[in-house]
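Student: So the sequences go chain by chain: A and B. By this note's numbering, the letter at position 432 of the first sequence is numbered 432, and the numbering carries on one by one without gaps. By this note's numbering, the letter at position 46 of the second sequence is numbered 46, and the numbering carries on one by one without gaps.
In case anyone wonders, no lab produced these hints; they're calculated from the structure. From the three backbone atoms N, C-alpha and C, an ideal C-beta is built for every residue, glycine too. Accuracy of the hints is not assured; some may be wrong.
[Unchecked claim] Partner residues are not named here, just some residues of chain A that face chain B (Cβ under 10 Å, in silico):
{"hint": "1", "residue": "53"}
{"hint": "2", "residue": "272"}
{"hint": "3", "residue": "277"}
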Amino acid sequence: MGCPRCNPTPVKAGRAVGQIALLGNPNTGKTTLTNALAGTQLQVGNWPGTTVEKLEARLGDLTLVDLPGTYSLFATTPEEKIARDALLDDPPDALLVVLDAGNLERNLPLALEASELGLPMVVVLNLFDEARDKGYDLDPDRLAALLGVPVVPTVASRGQGVDRLLETAREAPVPAPAVAYPPAIERALAAIEAHLAGPARRAKAALLLAGEPINAPEAARQAAEAARRELAELGLDPFLEITGARFARARELFQATLRGHNPRPTLTDRLDRFVLHPLLGPVLFLLGMLFVFRFTFLLSAPWVDLIGRVQEVLASWIHGLGLPALFASFLADGLVAGVGTVLAFAPVLFFLYLAMSFLEASGFLARSAFIADRLMHAAGLPGRAFIPLVLGFGCNVPAVYATRTLESFADRVRTALAIPFMACSARLPVFVLFAAVFFRERAAMVVFALYLLGLAVGLFTAWLLGRFGHLKPSTGVMELPPYRLPQPRVLLRQAHARTMSFVKGATGPILAAMVLIWALLHLPPGPLEQSLYARAAGALARLFAPLGLDDWRLVGALIPGFIAKEVVVGALGVSFLGSTPPAALGFWAGLGQLAAALLAALKGTLAALFALLGLPALGVTGGGPAALQAALKGAVSAKAALAYLVFVLLYTPCVATLLALRQELGRRWTAFAVGYQLSVAYLLALLVFRWLP
Amino acid sequence: MRRLDELAPGEEARVRAVETSDHVLRRLFALGLRPGARVRLLRRAPLGDPLEVRVGEAFVALRRAEARGVVLEER
């Protein structure tokens, strides 16, 4: 590459490894480039103290960090703030500035800002093939000569141009500042820079002058404040002056780099005519939602079943070992069941992450937000909140994680607190059981009404928090990225890493909760009526008497229901009918069952792929064992049963959802959520019992 | 004064000034919607709001209330 002002600087000493950071606008293929550079070394984590995802890789003596997508160091989103603070407070040893070659004029200002950071830098013109398809003929060498840094054209999705990128970055020069500002601004910058140290002085001075809240010495802040006042007297707005100069320079550089341009309509122009069509758009959008929903749950179901079967076989083996009964039960019903509960989430999360990453990387997620924005605005939520809310009907856990795609923390809080009221698939068996016993012909209607009630309470919660929680909704300004076919390899790797990060974080707490429930049920040894569980349930039953629920066996099932709603029906069965320990199973017989279960899961996945293309089956089936139905009928009135269902619908969905909330929103909001859910559940259940005819 | 929300689909104009809150202004600037830029209204969302505009090579969505803050040059 031609670069006349090159003066290679070695990687900074003092750090054990060199760090190379990728900086770029959103949707410039940064993640794909990181994947191409990092290969299997890619790690998914979070930026410290936040839920913003951090992609990182250790490659020999180098670490590679993918900074969150950023339009400018003038940060307007939490992601942009993280990227800026990382660059200023913990600067990398070299920068790869990734630009979308097909939208170069808009992308160049970020490279100009980066040139003021005083770091070795390489400009990457990614999506070079797309730029060519759009009719752009660009001259990278000319841009390199003008900027004084290497400029490398790449097509990250096909690995073109990436081989020597890291070496180039290591040997990259520090560019001279690329923008000359008007004299008044230059004087102000010099005055602020006098109070700053380090290579990023110019960048920091510009940010301070425009009033950005960055870390800086008090003297520099005061100098910036004084300079702002002086400029204001001249009628100059520092932000407008600085960005104006950068945009003008970006335009010059773009014109110099451009050898020619014959505009051609792109795939995006053509597709959007259908996807965003006033009538066709919403229909396609709903079909797409249905597809994501079915994709996730149809494909994960066989694997969730497999995990259940493995759990059963392990329990049978344990009971066949001849251990003391209490200890065997602890291993089988405490530990194995606990690990099984965690793992059962993994397939659901994996397929959902796969679908979400596809929607996001392909450009469909932004379009769905565009279509749903007006609708969601009624509850004070942005359009992007629609998909997490709908996902909540499948499983609350990934739905809460999906709120990450929302821009502002306020939106995330409001959506994440609304999600637990969406009736997830685990609540359905409880509804179906009671509806079958108490509301025979109207069973489907009652279940449907419960779903609507959950949705209404959720939307009302979001509205309420916006109204009184001092949580302002975000702007509707967003880019609709061009349609792109995502790389399956990248999607799979990301879905896998995200799922593993859940399993790692959730195993401890869920296991602890399961062991606690086991202890309640089995201690002191003896009949269930004398267990700690029965005593706790008895105390709770007094609290629930105003709802017409004074049977400890009913109320007790709410305790394990706190961990996962899947176990409520099982707990009712044990309380009303008693339990029978699983039959002991020989080693070989168990192995045979495991093999059969694995085969069934593979067959089930194949069947699910075909079922995906078919029509969804509707209707409420099942209803639990007949003996349990009969026992329930005698235990409680229809009205109290409805109150019970309302409580089950609205109270804390499961420990895993709480863990997701804690990860996304922090402890305080999670504690608030639990208190709020319990109060709302109790109040509405009370209302149903007292006021319904 | 013509404003961005008054354009008909397919119509193009040059931005004269952006008069919105600081936060929205910085976001619009970052996406290329700034004085001097040529902007074309592509379509309105099915429920009439938000709008989709094209600025250079970028597709940008913004609400009608936000588009009102974008002042256009007269023809």
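Student: Hint by hint, note whether the structure agrees.
Tutor: Do the hints match the structure? See the list:
A hinted interface residue such as residue 53 of chain A counts as satisfied when its beta carbon comes closer than 10 Å to some beta carbon of chain B; here the least separation is about 21 Å, so the hint is violated. Hint status for residue 272 of chain A: holds, given a least beta-carbon distance of 8 Å to chain B, under 10 Å. At its closest, the beta carbon of residue 277 of chain A sits 8 Å from a beta carbon of chain B; the interface hint therefore holds under the 10 Å criterion.
The structure shown violates just one earlier hint, number 1.
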